[in-house]
Each structure stands twice: as C-alpha cells, then as structure tokens.
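All chains, full assembly: derive it from the sequences and hints.
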Amino acid sequence: MHACKLCGRMVSVVLRSNRASLPRFNVVLNSTSRKTSVRYYNSTAYTSSESMTESGTKQKKTSINPEEVKKFNALASKWWDTKGELKGLHSMNRLRVPLIRDTLMRQHRVSRKSRPLEGLRILDVGCGGGILSVPLAKLGAQVTGLDASEEAVKAATAHMAHDPSLKDTLTFTHGTVEDLVASEVRDYYDALVASEVIEHVDALDDFVGSSCDLVKPGGSLFFTTINRTNQSYYLAVIAAEYIVGVVPRGTHNWNKFVSPEELKDELRANNCHPRLIHGMFYNPFLNHWNWTGSTEMNYALHAIKDASEADLKKD
Amino acid sequence: MSALFCTTTARAFIRSTNLRPGTRRLAVRTLSSSGGEPEQTTESAPPPPEETWEDVPQDFYDIIVSGGGMVGAAMALALGSDPVLLGRKILMLDGGPRRVLTQVPDSFSSRVCSLTPGTVQLLQDIGAWDHINKMRVRPYKRMQVWDACSDAMITFDRDDLNEDIAHIVENDVILSGLMQQLDGMQGLVNVMFDTKVKGYKLPSKAADGEESPWARVILEDGRALDTRLLIGADGPKSLLRQTANIRQMSWSYSQAGVVATLKLSEPTVNNVAWQRFLPTGPIAMLPLSETHSNLVWSTSAEDAEMLLQMQAEEFVEAVNSAFWQDYKREAAVDSAVQTVQSILSTISPGGTSARQLPPSVSDVDEDSRAMFPLGLGHSTQYVKHRMAIIGDAAHRVHPMAGQGVNLGFGDVSCLRQVVSDAEAAGEDIGSVDRLLEYETKRQQAVIPMMAAIEGLHRLYSSDNPALVLLRSVGLQFTNAIKPLKNEIMGFASK
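Chain order of the listed sequences is Z and A.
At position 40 of the first sequence the residue is numbered 40 (UniProt numbering), and the sequence of numbers has no breaks.
At position 62 of the second sequence the residue is numbered 62 (UniProt numbering), and the sequence of numbers has no breaks.
Since the hints were derived computationally from the structure, they do not count as laboratory data.
Careful: at least some of the hints might be erroneous.
[As the list claims (entries may be wrong)] In silico lysine to aspartate or glutamate, DMTMM-like type, Cα no more than 20 Å apart, as pairs:
1. A/Lys205 to Z/Asp163
2. Z/Lys87 to A/Glu437
3. Z/Lys87 to A/Asp130
4. Z/Lys167 to A/Asp59
5. Z/Lys113 to A/Asp59
These numbers were taken from a predicted model, which means no experiment stands behind them.
Structure, rendered in structure tokens:
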C-alpha cells in the first residue's frame, strides 16, 4: 500500500497502462466521493452500448456508438499489428507461449496435442490488447484477460469478437489483481501470467501478494520482466527508447525494474516457490527472442504456490 | 449411387455444424466490487438486429482446401489426421463428383505418377497408402537414362536393387485411395463434392475490425464460407492465385507430352524405368506390370499430333525406334566417350553398371493415347494473408523427371507442419507471418528442382556435337561417382 498523491488515502497497486504509446487510462481515486467508483465496477457485464462517465455513473445508450466502435477497432489493429510498435510482444509469444503450455502440460500430466490447456483457468494480468491471452485461449484454456486500461480491454474485446472459437474461452475484464482479491476471488486460477507487467507496478509486494492469493494451491505463476541492471538501463531504456527507438519513449522507468532476487523473495513471502528462472534475449533487428543463460536483461520465472499450507488450512 | 449418398451425408453433416446465426457484439465485462467469482461467459443479452457490425458468415471453418485433386485431397487428409488439429473444422471443396474406383479396371490408365519414397511416406502417414497398395502399384528398382546422340548413360538404383526407387501408380488409383481414406475421416474432414466455387474474397492484412478478417469462399449456389486459412489446390489455372494477384512466371515449350499404355513383346521382370534423351525431347517407359508399361513422350506439338493420329502399328514402331534407333552421331564424340569409358572401367572395374536394353513394345492399348501441352510455371508467391497455394497452383514442371506431383505432395507435408506448429503455439494459423515459413521452405526445394529440370531439358534438346560431348562425359563421370549419384537420387526422391 502507498499513499495516493491526490488525497493522501492509502491505495493499493496502481497498474498503469503499460504500453505508453496507447491512450492511457490511469486508475486514480475519486478524491471527493471517496468511493472506488472510478474503477468502473459494475455487477454485470456491459457492452459498448453502455458508456461510462468519469464519475462512474452509467449512461445507457440505445445503440452502439459507431465512433466508439471505430476507435476501438483502430486501437485493436494497432495492438495486433505484428510488425508494428508492439512487434516485440508478438514475437515474444514464441518463447512465453511454449513455456506456459509445456509447464502446465507437465504439471497437469496432459499428453493430448489438441487444445492441451482445456479445463485450466488462466488469468492474464496486464493483458493489454490480448496478445498473450488469445493464444492461451486458443490452446483451450479458460482465459481471463485483466487490464487496468479500459481502452485496452475494449480493444482486446473488439479484436476477439470476430473469432467464434474464442467465444466461450476468453473474457477480458477491466480491473486489477487487487480488485479481484477484493471481490473475494481466491484460490481460483490454475495459473496466473503477468508478462511484462511488474516493471510497471508501483507496489511489487501488493501485486505479488494479490497474485498469489488468486492462484489455487499447487497452481502456477508465470512472470516475464526486465532485470534492474546496468545492462538493462543502457539497452532497454537508453538504446531501445532513445537510440534505436523500438520502444516508445517513456515506456520504461528503470527504477521500477525488478531483479529476480526481489521477485523470488516476494513470492517466497507468499508461500510461492520459484521453480524455474530463465534469461531471455531480444534481437530487435531480427525481432526474435532467444532463451539465454543470462538473466541480466529479460527473464522469465515460473513459481508454484505451496499446496501444503492450504491443506493445513483445510485440516 | 454410393457417391450420391456420400455427398448427401456430407452436406447433411456440414449443415448440422453450421454456426448459429447471430452477431457478436463488443462486450466488455467489469468486475463486481461487491464480490462473487468472475463468470467465464459473457452476458448474452439478445442483440437488436440493427446493431450488427460485422457480417456473419453462413459457415465458418478453420481451414478450407479448395480443390479435391490428388494434392488437395492429400492436404485435407494430412490436416485431418494431425493430432494437434483435432477438433478443428476442416473442409475440402471439390467441383467434381467423388471419384472412387469400385474395382480396379483390367486395363491401365495412361495417366500415371512416379511416386518417390518421400511421397509414399506421406501417403502412409495419412493412411491412404494401404488403400492404394491394395489396388495397383508397381515399384521399380532401377532407372536407366541414356543419350540418343552418344553411348553415355547413367543408372540409378538403391542398395544394389534391394530398395525401390519409386512406385508407378495410376492417378485414378491414387485419387481413389485418398477418397476412400476421406470416407473414414467423417467428422474430422468435411467434404463437399460437386460444389463449384464462384469466387474468393481475401481480407487485407490490416483489417481494422470493420471488415471481416476471414478469407471467404463464395459458392455458385450463393452460399458463403468463411475460414481462417484458405488453401488453393485448384490446379495450374488457380482461381485463388488469380484472385490474390499472385504473378506466375510461365513459359511453354511449344512441346506436348504423349502418354499411352504399352504392351510389351514378352513378359519381363519389368522393374526398370527407362528414359532416353532424344534431341526432340525425352521419352520414358515406366513399368506397370510384367506385361505393360506406360509411355511418357515429350516432343514437338506437331509430332505429338502426328503420334496421336497414327495407326496402332505405326505408333508402336515409332516408340520402338525412339528407344532403339541411332541418331546423328559424331565420330569424335563417340571415340571420346569410349575413351572415357575405358579409363573409368580401369579405375573402378565394375563401378559402373552394365547397360541394359529396354523391352520392345508389341502393342498399344486402345484409347489409351492422349496428349497434353507442356508448360512450366512458377508463382512468385505461395502465400498471402489467410491463403496458401499448393501443387500445380503454385508450380508446374516438365514431366520428364516425374517430379510434378511429388513437389505437390512435398507442399502438403510442409504446409501441414507449418499449420500444426502455429496451432500448437496458439497462433493464428492464417497469419502470413507463419505461412511465409511454408513459402520459404518450399521455394528452396522447388526452385532448384525446376532449375535442374529446365537445365536438363535445354542440355538435351540439342544435337550440337560440342554440347553432346560435354553432356556425355558429364553423365559418364556422374555415373561413376556413387556418392554423387546417391546425392542426386536423394534430391529427386524427397
């Protein structure tokens, strides 16, 4: 928890839109009403025929606003342009999707090759336009894409609306992990994925704590992020944003980068045990990711939530 | 009757798997702060009809293969039998009727293919080979190629005749075997026979969500089918290739191929494929049985026309003399070839196989003679977003090396792998990013093969003594160097 600069109220993690190039939606607290209404909570799903005002009140419209639809479609095509600004996230799928798939298949002793993740519930935290959520859902998992940016969630929904196969397996939700915990979702997901997210999080301890709460005992947590090293400062911030320009300026704040040790400590503090950590290397010229032994730059981490504690609780 | 029944059941099946009409709307769900587990389904308020913002297809398939020829049917089977793609909706469209041989006819069809071990492996993998093998196949163990303008020759065999080089199989038999296997795949592969395609509509890659992101097939009966991946196996004049504006480099040789079923003078083991390079084009005799062989004769269009008009006896004589007759010989070339031969046999006695003589022909099956124009074509691209072309739609080669259909089957193996890999990674199987892997790999295989065939064609369509000498000595050395021969066989048998 940390103090909100606007009202001094203690707030939990603020998960900002982590891709600076896209219109931001920052979760802030409504200082006057002291309600958490700004998070646009709503007991039911709403469609784009309903739009929300800043204060959180609902304005029902009679039909879909074509301008709105156009906007989110344009946004979706930006997220889903595999050669565009976010190509690095698309090409990263070649590493992270097999990592998640194979780990979960081993863990759940799945041998079938078609839709191997069927029956598993996965939460994709910071899903953005759904670049990672969609392949996981295509592999059969019940995926909930969670993002604090409402724009991103709408864009993701617009993108997947075309695909009949995702209708029953993929949902995008606007909110944060703390919101989910606050709404009493616990021990629910078989796996939680936070890919390229924790380097944008204000309070790592809260974020990891809530994430661990959401996962079933024995469930998996997957993280990918950037290490806080000299190398990452020069390459990920200076070179990537200012020299080569592959990442929009202002995307990353080096001080928020998380070292593997910090992440491991946070996980252990929440009864989650790191099982695998692997370095990742990005070649921006080929737009290609490789696994590497060094975690100096990017790395992926897999942890398993302790099952024994939950068993003890049951007893 | 059975074909009719099959078509009807296929249609009925397809109808039953139609997507329910209805539109998907932009649905965003927020969480309840008042608690409760997140639901996995979106709210299903009945959408007012005027709110449709995308066309709803009448049918949606994960993959549509357009064209039910040998390559198209093999593609549909390969996809349908891939464990990764289990449960995906796959459709094969065929403009013609279901072509199954209820029994193998006594006479041989003159349309045959020489199936390489690579192709046989694919047909085994997709389960069609057993059906084909039960009908009629003829393996051969040796291939002899020689020059009409000199004594130079080359022979190919594998492990001293222990292994087959390739199988000669009639096209009807291959197709029938594929169809029989498709019958057993109902539920895995949908098939629509007698279904003509009116046109295709391809999405632009940067579809911004307002237009449909899928490739669409419009049928002549007005139905529209949408798909993630449209595979064109629709032959050399491919409508899909034209719709996609893929350019094809093509040239014709003003040559034609004449095919026929030949009866041999006397029964033989008949396990050798013979090919002689005449200045007018190559002539090949491929074994069909102990008593019959198939003729593939490439020659000038006028000669082909003449061969077709001839009486049977005249035709037989023309074939025999094409294999036996001496052509214009140069004494200098002959003596050079003999010198090289004696040097080679001194260096490695027995290293070069003995020359065998082709069987003589006594008759030609009635109505088996046919001709077709020869042409070469190569598409500059094999894929675009949401589409790929395979087989003759992508490339056509000279029939001399029997490679045409094998290249098509090679496309099938490669594209199946690429689609399967994409699906296994949860990727969009129609994305051009992945499909390009297919294009790159296949062009790396197809272009050298086309170049080799084209080079041979040019090399042997001349009787210029200098060229004859060069190619003869080249052929002799190649014949003497076993590793090089094995390399060539490996290249030609993929």
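Against the structure, the hints come out as follows:
1. Pair hint A/Lys205 plus Z/Asp163 holds up; C-alpha atoms about 16 Å apart against a cutoff of 20 Å.
2. Our distance criterion of 20 Å between C-alpha atoms is met by Z/Lys87 and A/Glu437, whose separation comes to about 18 Å.
3. The hinted pair formed by Z/Lys87 and A/Asp130 fails the criterion: a straight-line CA distance of about 46 Å is larger than 20 Å.
4. A distance of roughly 16 Å separates the Cα atoms of Z/Lys167 and A/Asp59; the hinted pair therefore holds under the 20 Å criterion.
5. The hinted pair formed by Z/Lys113 and A/Asp59 fails the criterion: a straight-line CA distance of about 26 Å is larger than 20 Å.
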